[in-house]
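Please arrange chain B on chain A, whose structure you already have, making use of the hints.
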Amino acid sequence: MTRISLTVDGARVADDVEPRMLLVQYLRERLGKTGTVIGCDTSNCGACTVHLDGESVKSCNVLAVQADGCEVTTIEGLAQDGELHPVQEAFRECHGLQCGFCTPGMVMQSVALLKENPQPSEEEIRLGLEGNLCRCTGYHNIVRAVQHAAGAGSTTSSASGAGAEQGVTA
Amino acid sequence: MTAVQEPSAEREIGRERRRKEDQRLITGRTRWTDNIALPGMLHLAMVRSPFAHATIVSIDTSEAKNATNVVDVVTGADLGEAQGACINAWAITEDQVTPPHLPMPVDRVAFAGEVVAVVVARSAAEARDAAELVDVEYDELPAALDLKHAATDEVLAHPDLGTNKSAFWRFDSAEAGTGGDVDAAIEKARTDGIVIEREYRQQRLIPAFMEPRSVVVDPTGEQITVWSATQVPHILRFAIAATTGVPESKIRVIAPDVGGGFGGKLQQTPEEMIAFAVARRLGRPVKFTETRSESLMTAHHGRDQWQKLTMSAEKDGTVTGLKVELLADLGAYVAIVGGGVPVLGAFMFNSIYKFPAYQFNCQTVLTNKTWTDAYRGAGRPEATFAIERLMDELAAELGEDPIEVRRRNWIHADEFPFSTVAGLEYDSGDYEKATRRAMEMLGYDELRAEQKRRRDAGDRVQLGIGVSTFTEMCGLAPSRVLGQLNYGAGGWEHASVRMLATGKVEVVTGASAHGQGHETAFSQIVADRLGVPFEDVEVLHGDTQVAPKGLDTYGSRSLVVGGEALVKAVDKVIDKARPLAAHLLEASADDLEYAGGRFGVRGTDQGITIQELATAAFAAHSYPEDMEPSLDADATYDPVNFNFPHGTHLCAVEVDTETGQVSMRRYACCDDIGNIINPLIVAGQVHGGLVQGIAQALWEEAVHDDSGTLVSGSFTDYLLPTAADTISFDIDHTTSPSLTNTLGTKGVGEAGTIASTPAVVNAVVDAVRHLGIDDIAMPCTPERVWRAIQGVAKGGATEGAAMPHFDSSTGMEGTVDRTTGGAQ
Numbered sequence: 001m002t003r004i005s006l007t008v009d010g011a012r013v014a015d016d017v018e019p020r021m022l023l024v025q026y027l028r029e030r031l032g033k034t035g036t037v038i039g040c041d042t043s044n045c046g047a048c049t050v051h052l053d054g055e056s057v058k059s060c061n062v063l064a065v066q067a068d069g070c071e072v073t074t075i076e077g078l079a080q081d082g083e084l085h086p087v088q089e090a091f092r093e094c095h096g097l098q099c100g101f102c103t104p105g106m107v108m109q110s111v112a113l114l115k116e117n118p119q120p121s122e123e124e125i126r127l128g129l130e131g132n133l134c135r136c137t138g139y140h141n142i143v144r145a146v147q148h149a150a151g152a153g154s155t156t157s158s159a160s161g162a163g164a165e166q167g168v169t170a
Numbered sequence: 001m002t003a004v005q006e007p008s009a010e011r012e013i014g015r016e017r018r019r020k021e022d023q024r025l026i027t028g029r030t031r032w033t034d035n036i037a038l039p040g041m042l043h044l045a046m047v048r049s050p051f052a053h054a055t056i057v058s059i060d061t062s063e064a065k066n067a068t069n070v071v072d073v074v075t076g077a078d079l080g081e082a083q084g085a086c087i088n089a090w091a092i093t094e095d096q097v098t099p100p101h102l103p104m105p106v107d108r109v110a111f112a113g114e115v116v117a118v119v120v121a122r123s124a125a126e127a128r129d130a131a132e133l134v135d136v137e138y139d140e141l142p143a144a145l146d147l148k149h150a151a152t153d154e155v156l157a158h159p160d161l162g163t164n165k166s167a168f169w170r171f172d173s174a175e176a177g178t179g180g181d182v183d184a185a186i187e188k189a190r191t192d193g194i195v196i197e198r199e200y201r202q203q204r205l206i207p208a209f210m211e212p213r214s215v216v217v218d219p220t221g222e223q224i225t226v227w228s229a230t231q232v233p234h235i236l237r238f239a240i241a242a243t244t245g246v247p248e249s250k251i252r253v254i255a256p257d258v259g260g261g262f263g264g265k266l267q268q269t270p271e272e273m274i275a276f277a278v279a280r281r282l283g284r285p286v287k288f289t290e291t292r293s294e295s296l297m298t299a300h301h302g303r304d305q306w307q308k309l310t311m312s313a314e315k316d317g318t319v320t321g322l323k324v325e326l327l328a329d330l331g332a333y334v335a336i337v338g339g340g341v342p343v344l345g346a347f348m349f350n351s352i353y354k355f356p357a358y359q360f361n362c363q364t365v366l367t368n369k370t371w372t373d374a375y376r377g378a379g380r381p382e383a384t385f386a387i388e389r390l391m392d393e394l395a396a397e398l399g400e401d402p403i404e405v406r407r408r409n410w411i412h413a414d415e416f417p418f419s420t421v422a423g424l425e426y427d428s429g430d431y432e433k434a435t436r437r438a439m440e441m442l443g444y445d446e447l448r449a450e451q452k453r454r455r456d457a458g459d460r461v462q463l464g465i466g467v468s469t470f471t472e473m474c475g476l477a478p479s480r481v482l483g484q485l486n487y488g489a490g491g492w493e494h495a496s497v498r499m500l501a502t503g504k505v506e507v508v509t510g511a512s513a514h515g516q517g518h519e520t521a522f523s524q525i526v527a528d529r530l531g532v533p534f535e536d537v538e539v540l541h542g543d544t545q546v547a548p549k550g551l552d553t554y555g556s557r558s559l560v561v562g563g564e565a566l567v568k569a570v571d572k573v574i575d576k577a578r579p580l581a582a583h584l585l586e587a588s589a590d591d592l593e594y595a596g597g598r599f600g601v602r603g604t605d606q607g608i609t610i611q612e613l614a615t616a617a618f619a620a621h622s623y624p625e626d627m628e629p630s631l632d633a634d635a636t637y638d639p640v641n642f643n644f645p646h647g648t649h650l651c652a653v654e655v656d657t658e659t660g661q662v663s664m665r666r667y668a669c670c671d672d673i674g675n676i677i678n679p680l681i682v683a684g685q686v687h688g689g690l691v692q693g694i695a696q697a698l699w700e701e702a703v704h705d706d707s708g709t710l711v712s713g714s715f716t717d718y719l720l721p722t723a724a725d726t727i728s729f730d731i732d733h734t735t736s737p738s739l740t741n742t743l744g745t746k747g748v749g750e751a752g753t754i755a756s757t758p759a760v761v762n763a764v765v766d767a768v769r770h771l772g773i774d775d776i777a778m779p780c781t782p783e784r785v786w787r788a789i790q791g792v793a794k795g796g797a798t799e800g801a802a803m804p805h806f807d808s809s810t811g812m813e814g815t816v817d818r819t820t821g822g823a824q
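In order, the protein sequences belong to chains A and B.
Residues in the first sequence are numbered from 1 upward in steps of one, following the working numbering.
Residues in the second sequence are numbered from 1 upward in steps of one, following the working numbering.
Simulated from the structure, these hints should not be mistaken for lab results.
Incorrect hints may have been included.
No farther apart than 25 Å at their CA atoms in a straight line, the calculated lysine to any residue pairs in the SDA-like style are these [as the list claims (entries may be wrong)]: (1) B/LYS65 x A/ARG20; (2) B/LYS354 x B/GLU197; (3) B/LYS576 x B/TYR623; (4) B/LYS20 x A/GLU76; (5) B/LYS20 x A/LEU84; (6) B/LYS20 x A/ARG20; (7) A/LYS115 x B/THR722; (8) A/LYS115 x B/SER728; (9) B/LYS65 x A/GLU18; (10) B/LYS165 x B/GLN363.
Over the 10 Å line for every Cβ pair with chain A, so calculated as not near, a few chain B residues [what the hints assert, rightly or not]: (11) LEU38; (12) ARG170; (13) ALA176; (14) GLU211; (15) ALA242; (16) PHE262; (17) GLU325; (18) ARG408; (19) PRO417; (20) ARG578; (21) GLY600; (22) GLN606; (23) ALA617; (24) LEU690.
Predicted, not measured: the structure shown is a model, and the values here were computed from it.
Quick reminder that beta carbons are idealized off the backbone N, C-alpha and C, glycines included.
Next comes chain A alone, as it looks inside the complex:
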């Protein structure tokens, strides 16, 4: 067992952990931070993405002991004082989620992406989210959500084409 102490979503925590314990397991099993989820065994899906000292990481790819002395932000710590983070708000506004399982990772990665590049093009968004898998949305509205959060997207979201969503009535 190794003693670690770190800050998670603003709270100071300390625990004895097995050296092999992954950060995501520590968050879920020891701290009850179940907002961060596990979707694969091979660090492909990105569902477990959190911020480690401000950088996005896949928390299944980081040992808990590596987070010793660090500051971790999870999806549960993103909203401040009851106010949603603009990226969270954008995902809801643009219907950027369906089952919501990939959403914690997708939101955390999007926040990191916009921090690095506040005005990304569609291609830059798509490349920036390449490490996060979603099976429900086809990514269309996730891209819209990031554009929306960047202030670049239209507020009505969800369809790119003129006339889309208007419904041609019979």
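For chain B alone, kept in the frame of chain A given last:
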């Protein structure tokens, strides 16, 4: 029924309401099954067979049992009859060969990944560590792996059964009286028309929902509570009770937040049954959460068919007959729907067309691979792919535009209702209008002109345009039809509306959402119909103690069947409230009109709202003598017919003829799904569906090696598309309301997946057809496209890529259309 219209209030139906579900999902305040932790809860790890087919000689659990914090190690023999069985709910024929399916087999494993022992420990990590210590001795048996080879019965997947052939199912339009004799039509066309013969491969796919399956069983208390990441809590409860002998009333199944399903979670799984049995055995709560590899290897797969197709047409391209011969791979066991999946496609091969003769033949086959069952679309994508690929081939044969050829054969708007050659009655549709709109959105004519320019110029990168016009049958299903098909259950759905004392409304539905947005869409329906604020409606689902009746979510049924049950329950509430309103207003019930959630006395300003009536019914201080003091109502709705969404999907791709790389340039679709409750949710369903269908065309394939091991057993190997692989879509709708339900809605959950696969493959083939290529097997990887191009350039067959004609007696396999009056 009373119309609910308040001039000042915006109608909820049709509104782009942001989802009620999202707040908890975007803040991580979720309850996935794996998040549940109970005092004293134990963790399970499965010991799985590495062999596709083997006798279990011995299982030595002693070392594992001695490991620290291991509580028990259990085998199938230890559990005996307590482990229950995995059921097949749909024997497609009376004489279907169905191998018994124990959750943990005792003496023989039939696919790689099958569970042979389970370790129970205080933590998941300790359970997994100890699973490595279980020593299983196997005696390997020959495995039936390749579908076509398995159909010869040379190697048996289950030696005791004596055959791999599970069931043969046929529909013939001449026998059914719905059309003519297909063989006669084909014979006629051989001498005086066009015959198109093709064989297509529907590769094996994996649903690959994002949330791995997880189950928690708590046997403490009077009911045994099962939390499971399932689409089908009600069906699961029935199956557990029916096979373990535990009374149904002692089992409570809860599907909490469920992270996607796409058909992949409509199963009764061995893991659920094992967790149930172990929890009962030990009297302690247990949890099992699968790894992604376990999920890909053992959660049921989808598709996996060979499709042998013969289409006959007049010389002008009017189709005269279609004959379908399918081989469908069931995998090692007949899953809960199992062989029913290809049968669901049986009624859809004729699609939107007026074919005079049709025959469908399907042979289901057992192999030693992962079992197969429903995957988004279930039967209908396979049918749509076959017919839409054939229509393009017919157009190529005629040298005409593929849309023109379709138009010549499709049902026109003034021909509805239309009785199809497969025996269904289509209620509404307008294929012309949807097609025109899609062509406009894609810029069809301009792209065709560009294609010609680039072809003439001999560009390295060629442009292809793919067409897919489709319809599907949604809203599973009228119970009498299911009965005729020998399905084990009905197709109704249940709803309750509970008027709370504070005027809030609880809506209970038997449909069980896992990402579809039921909480929002159903709130909109109730808000409009009952005339209460959207925010005052709470939708409850996915818990058999809260929603005691239901048949769950699959087959694009939630809105069209579950929503209709809701409408009927709401109408009953209003009917029940009327005499109470009359009583309290001291008016005659006949003088009341209901609008905007309020009973008003005609010609006066007197009235009382439904929410006030709910409070009055709760207090029950004053109500009519012949009334019970409650406004609550239930309804069970059995659909009268399927409904038939349709649409036209157009796709433009660019194919690099030097590398075989396919890039999607543009995708436009116009779907007619009847009236839309929430356009935002509908768009999301279409987008997601499109990408799953596109993924079949371009990327995904479950591959087993020669020994039956799944080699695409991780997300590194099974190619789920990423944001960087996909494009933005242009979607729109025409609206032909369904005539078979009150809301005029049609299903939308599967439409995108059904339509997009052939649109993409048609586009890829269209880009290289001038090089002499008429097919590329899915997924159309750069390698396969490149090989197809190279193969033709060398004048040889494209091995494993382009599908040869199946009739080797013609001596014309591979590259030539065997069409009398055409190539000959």
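Checklist entry - Does A/LYS115 pair with B/THR722 here, judged by a C-alpha cut-off of 25 Å? => result Holds, at roughly 21 Å.
Item to check | Assertion that B/PHE262 lies farther than 10 Å from chain A (Cβ) | outcome: 7 Å, violated
Checklist entry - Non-interface claim for B/PRO417: all C-beta distances to chain A beyond 10 Å? => result Fine: 16 Å to the nearest Cβ keeps B/PRO417 off the interface.
Checklist entry - Is the nearest Cβ of chain A still more than 10 Å from the Cβ of B/GLU211? => result Non-interface label fails for B/GLU211: nearest chain A Cβ at 4 Å, not farther than 10 Å.
Next on the checklist: Does B/ALA176 clear chain A by more than 10 Å, comparing its Cβ with all Cβ atoms of that chain?
Outcome noted: About 32 Å separates B/ALA176 from the closest Cβ of chain A, which puts it past 10 Å; holds.
Item to check | Check on B/GLN606 being off the interface with chain A, judged by Cβ distance over 10 Å | outcome: 38 Å, holds
Checklist entry - Taken at face value, is the distance from the CA of A/LEU84 to the CA of B/LYS20 at most 25 Å? => result Holds, at roughly 15 Å.
Checklist entry - Going by Cβ atoms, does B/ARG170 stay more than 10 Å from chain A at every point? => result 35 Å, holds
Next on the checklist: Is the claim that B/ARG408 lies outside the interface with chain A correct, judged by CB distances over 10 Å?
Outcome noted: Correct as stated: the minimum Cβ-Cβ distance to chain A is 23 Å, above 10 Å.
Checklist entry - With d taken as the least Cβ-Cβ distance between B/GLU325 and chain A, does d exceed 10 Å? => result 32 Å, holds
Checklist entry - Given the hint that B/LYS165 pairs with B/GLN363, does the C-alpha gap stay at or below 25 Å? => result 7 Å, holds
Checklist entry - Taking 10 Å as the cut and beta carbons as the points, is B/LEU38 off the interface with chain A? => result At about 13 Å from chain A, B/LEU38 clears the 10 Å cut-off, so the statement holds.
Consistency with the previously given hints fails for numbers 6, 14, 16, 24, ordered from lowest to highest.
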